[in-house]
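S.K.: Residue-level listing of the chains:
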Amino acid sequence: MSQRKAHIVGVGETPYARWGKIGDVTEHALACQAILRAVEDAGLDMDDVDGLASFAEDRNEATFLAAELGLPALRFANMVWLPGGGGGCAAVGNAAMAVETGQAEVVVVYRSLCQGQFFRFGSGGVDASAAPDPAPPTVQAANSLMLASVGFVMPYGLLMAAAAYALPTRRHMHLYGTTSEQLGMLAVTFREHASRNPRAVMGGRPLTLADHQASPMIADPHRLFDCCLESDGACAVVVTTEERARDLAKRPVEILASEQGAPQGYGFGPFSNANVADEIYATGGTEELANRLWGKAGVGPSDMDVAQIYDHFTGCVLMQLEDYGFCKRGEGGPFIESGALSWHGGSLPTNTHGGSLSEAYIHGLNHVVEGVRALRGESTSPVEGAETCLVTSGACVPSSAIVLGRR
Amino acid sequence: MSERFFPDGMPQPLADSTTLPFWEAAAEHRLVVQRCTPCGHTRLPPAPVCPACRSTESDWQEVPGRGEVYTYTAVHRPMAAGQDLPFLIAVIALEDAGGVRIISNLVDVDPDAVEIGMPVELAWEDMSPDLAVPRFRPCAGT
Ligand SMILES: [Zn+2]
Chain Z
0 MSQRKAHIVG VGETPYARWG KIGDVTEHAL ACQAILRAVE DAGLDMDDVD
50 GLASFAEDRN EATFLAAELG LPALRFANMV WLPGGGGGCA AVGNAAMAVE
100 TGQAEVVVVY RSLCQGQFFR FGSGGVDASA APDPAPPTVQ AANSLMLASV
150 GFVMPYGLLM AAAAYALPTR RHMHLYGTTS EQLGMLAVTF REHASRNPRA
200 VMGGRPLTLA DHQASPMIAD PHRLFDCCLE SDGACAVVVT TEERARDLAK
250 RPVEILASEQ GAPQGYGFGP FSNANVADEI YATGGTEELA NRLWGKAGVG
300 PSDMDVAQIY DHFTGCVLMQ LEDYGFCKRG EGGPFIESGA LSWHGGSLPT
350 NTHGGSLSEA YIHGLNHVVE GVRALRGEST SPVEGAETCL VTSGACVPSS
400 AIVLGRR
Chain A
0 MSERFFPDGM PQPLADSTTL PFWEAAAEHR LVVQRCTPCG HTRLPPAPVC
50 PACRSTESDW QEVPGRGEVY TYTAVHRPMA AGQDLPFLIA VIALEDAGGV
100 RIISNLVDVD PDAVEIGMPV ELAWEDMSPD LAVPRFRPCA GT
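Chains as they are written, first to last, in numbering that gives the first Met the number 0: chain Z, 0 to 406; chain A, 0 to 141.
So that you can see chain Z by itself, here it is in the shape it has in the complex (with noise of 0.2 Å):
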């Protein structure tokens, strides 16, 4: 088994740009340039490639790339389920289970994401500037399960991720005293760590703390830089054995864990999760994830040297750095204020390449991306010497995570 211990081996993007810049390119041509410089990185051949794993909502089916990348034969073909970014690393996780098992050698797990050629994510597809509809509402049918879930609550007009996970934040502010200036830290943090990173949106945009107090109020708690970017672009890790690792063109990068799951009742997180039990409301949900990855991965929240942690709003990261154990239930705001995310001397060195708040919103697979290059010494805020790193993706919805280090 060991000889087949999972590795990532290769990472490989396409450039990032703001929503809707990239109108020239498909969404699934671009998932098969980041599939071929992941590739290309790990100095493999595409014929080597023989699974494709995504996860939800992705509409750049692995049946397809497999014809168009011209693989010689697709054993492995996988999408996970937990919506939006919730299922990133539960994607690297299922890859590592196909080449742990030996059901493929060569697992590349990609996003694609050009959501200017799709509808607006948050809008519902509602266009607010149109004349109302004249037709006097009815109740009509819904015909998925995502549509009875969000179809419940869009009278209500939650359609907005801004506003979803603001309930949450809103709660934790109100049990523990959090503040929007510590939730501002965070952004402020990550857009410094983004300034490094040539690869990121919001790279030449320095922000400051006053800046992020004066942006508009999105969804209160959140303001504008509370919320992550709407980007196009796609990146691509590539999983395979440590057998196959040792010969490849990088330091390789061991996987020791990955988890992926929901408490009880998390549906699709706090567009139906109202009626979870009070002492994960106000969480990112991912506790008892976290305490299945340490204890699957044999390390701990203090053995981390860095984290890239799913910033999709910055509430949803305070909880998750609480959720992990990096600091206690209630105490994510004074840990964010102690400067412990900062490439500048904090204790855990956090979205080395920005995060979705200001490199780029792949779904956070970018996280894992630089969650390698962190380990391989490649970020462009590297932390010296640098053997672990939690990768997480989606809180507050169902989530998964993967514990990365090298030997």
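None of these hints come from the bench; they were simulated from the model. It is possible that part of the hints are untrue.
[To be verified] Just so you have them, the derived chain A footprint on chain Z, three or more residues with Cβ under 8 Å: (1) 143-156; (2) 159-172; (3) 216-227.
Here the structure is a predicted model, which means the values were calculated and not measured. Backbone N, C-alpha and C define an ideal beta-carbon position, used for all residues, glycine too.
Given the coordinates of chain Z, work out where chain A with the ligand should sit on it, guided by the hints.
M.R.: Only chain A with the ligand this time, still in chain Z's reference frame:
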């Protein structure tokens, strides 16, 4: 017709056979939660199976429509043309409903005056003869 708080163009509920009875009751200004027939566990949103005992048998319990704000957000982006901003989305912990919380809106309240724990009561809004939406306002006298 009731008072109006939101414009006609607000997104409409999308129902299936599991959730439709909630909206049918709402059209009659009855707020209901789903109740497991064998074990009495109450649930929202409606779902085909009781998460407590896994029974598929359920009925509908009308609840008084009072509760308190569990959490909330003031949304500054419109979901329909002509909508007053910000508008308030809240989770309400319902009284006498088996501990069920409901996602809804707060109306008739200054967004800056909203607090977690604030007592609220039903404010029905008839969007059309076919659709009434349960919203909540601060309890009279508080
Ligand atoms: Zn039951």
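S.K.: Looking back at the hints listed earlier, which ones does the structure fail to meet?
M.R.: Hints that this structure does not satisfy do not exist here, as all of them hold.
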